[in-house]
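Chains F and E supply the protein sequences, listed in that same order. Under my numbering, the first residue of the first sequence carries the number -11, and numbering increases by one thereafter. Under my numbering, the first residue of the second sequence carries the number 96, and numbering increases by one thereafter.
Honestly, the hints are just simulated from the structure, not real lab data. Beta carbons are placed, not taken as given, at the ideal position from N, Cα and C, and that holds for glycine. Any given hint might turn out to be false.
Said to hold, decoys possible - Straight-line distance between alpha carbons at most 30 Å, and here's what the computed DSBU-like set of lysine-lysine pairs gives:
1) E:Lys220 to F:Lys75
2) E:Lys293 to E:Lys111
3) E:Lys293 to E:Lys140
4) E:Lys140 to E:Lys111
5) E:Lys140 to E:Lys220
6) E:Lys140 to F:Lys75
Stated by the list, open to error - Only some residues are given here: those of chain F computed to face chain E with a beta carbon under 7 Å:
7) Ala(-1)
8) Ala3
9) Ile8
10) Glu31
11) Asp33
12) Thr42
13) Ile52
14) Asp54
As the list claims (entries may be wrong) - Across the chosen pairs, the derived CB separations fall in these ranges:
15) E:Asp311 to F:Gly27: 19 to 27 Å
16) F:Gly78 to E:Val103: 50 to 58 Å
17) F:Thr77 to E:Pro294: 22 to 30 Å
18) E:Thr243 to F:Glu45: 14 to 22 Å
19) F:Thr23 to E:Ser121: 19 to 27 Å
20) F:Asp53 to E:Ala274: 15 to 23 Å
21) E:Leu152 to F:Thr20: 17 to 25 Å
22) E:Leu152 to F:Thr77: 42 to 50 Å
Given next are the chains, with one letter for each unit.
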Amino acid sequence: MQNEVELTPEAAVRAVMRDILGLSEEQVAGFTAETELFGALPELDSMAVAGLLTELEDRLDIMIDDDEVDGELFETFGNLVVFAEMKVTG
Amino acid sequence: MTLAPAFVSYEFADRKEFCLSFAASSSRRVMLVPPLFDEMNRMRKMLVDVMRSLHALNISSLLPDLPGTNESLIALERVTLADWKAAVQACAEQHDISHIASFRGGTLAVADIAAASHWLFSPIKGATLIRTMLRTRIASDRESGLTTSLAELTARAETGPLELAGNVISPDLFAQLSAADITTMPDQRIVRLESDSKPSDVQIAGSALWLRAEPDDDLAMSAAFAQDIAGWIGQ
Chain F
-11 MQNEVELTPE AAVRAVMRDI LGLSEEQVAG FTAETELFGA LPELDSMAVA GLLTELEDRL
49 DIMIDDDEVD GELFETFGNL VVFAEMKVTG
Chain E
96 MTLAPAFVSY EFADRKEFCL SFAASSSRRV MLVPPLFDEM NRMRKMLVDV MRSLHALNIS
156 SLLPDLPGTN ESLIALERVT LADWKAAVQA CAEQHDISHI ASFRGGTLAV ADIAAASHWL
216 FSPIKGATLI RTMLRTRIAS DRESGLTTSL AELTARAETG PLELAGNVIS PDLFAQLSAA
276 DITTMPDQRI VRLESDSKPS DVQIAGSALW LRAEPDDDLA MSAAFAQDIA GWIGQ
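Hey, can you work out the whole structure from these sequences and the hints?
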């Protein structure tokens, strides 16, 4: 069995976005803190957001409460990364 | 000409349930147990691509419908995880299956078949599936102007059937899934995507198709799955 590798929150968010949107590694590497998400990317509908939250919980071993999730969280890639980092450091 | 799958069946609870089947000339065969709920829809094309690739490697494969899904005559509302486990076991016995490849939530349905060899792709807890479906329900409620919460919907699901992301789930199925943890099988090979850092026996490059907004495929990944399954079954 191969051992678990620690993933940075940013790498995890990037990997999940790549999986949800079906992008290449190069495309998702081009995401910056200002890259717009919800509203700008049609694939990112409410069902995809539900999957995104659960997948981040799973990959980063965190729990996300209902009241932590608002529209602002998904506005930009940077917002999502900051949130993930905050959750991981507790 | 493209190879067409055949339909066969297995008997469970006095009904016949369909299986998609690709029969090869060798005696090597594997049963594929699909993901659950919407993940199944998004990954079914990928699973059938795996079956075609397995056929090209001279391995027969079988993809059963779980009771309450696809062409099944029973309503999902009347089905439990215990039924899925018993159905998969019945299918394995009736089709003389010793090797089982299960995917995502499908890994929860094979947990009682200790005698078989298991190839498990990206196994997940039932609670993870439930949580995603609850969130989808909350999002669709919000779009209709209703405010619901994980706690409130969980309480409702415990006492009566609840519609979650298009699936009507009974309190028994909800409770059994919520409690269903990833089990360790005596003879298992854990397979994960390269982007997934959790412990595995092998990592395969490919796409997390269960996260996509629409059903999609990944032919290179399906071919790599078939190659890995072939190596795992052996001669």
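Hint-by-hint comparison with the structure:
1. E:Lys220 to F:Lys75: holds, 21 Å
2. E:Lys293 to E:Lys111: Roughly 38 Å separates the two Cα atoms, so the pair is violated.
3. E:Lys293 to E:Lys140: holds, 26 Å
4. E:Lys140 to E:Lys111: holds, 23 Å
5. E:Lys140 to E:Lys220: Roughly 23 Å separates the two Cα atoms, so the pair holds.
6. E:Lys140 to F:Lys75: violated, 36 Å
7. Ala(-1): violated, 9 Å
8. Ala3: holds, 4 Å
9. Ile8: holds, 5 Å
10. Glu31: Since the shortest Cβ distance to chain E is 5 Å, the answer is holds.
11. Asp33: holds, 6 Å
12. Thr42: Check passed: Cβ of threonine 42 (chain F) comes within 4 Å of chain E, closer than 7 Å.
13. Ile52: At about 9 Å, which exceeds the 7 Å cut-off, the nearest Cβ of chain E leaves the hint on isoleucine 52 (chain F) violated.
14. Asp54: Holds. Min distance 5 Å.
15. E:Asp311 to F:Gly27: 19 to 27 Å: Given range 19 to 27 Å: holds, Cβ gap about 22 Å.
16. F:Gly78 to E:Val103: 50 to 58 Å: holds, 52 Å
17. F:Thr77 to E:Pro294: 22 to 30 Å: Because 24 Å falls inside the window, the suggested range holds.
18. E:Thr243 to F:Glu45: 14 to 22 Å: holds, 19 Å
19. F:Thr23 to E:Ser121: 19 to 27 Å: violated, 50 Å
20. F:Asp53 to E:Ala274: 15 to 23 Å: holds, 21 Å
21. E:Leu152 to F:Thr20: 17 to 25 Å: violated, 44 Å
22. E:Leu152 to F:Thr77: 42 to 50 Å: holds, 47 Å
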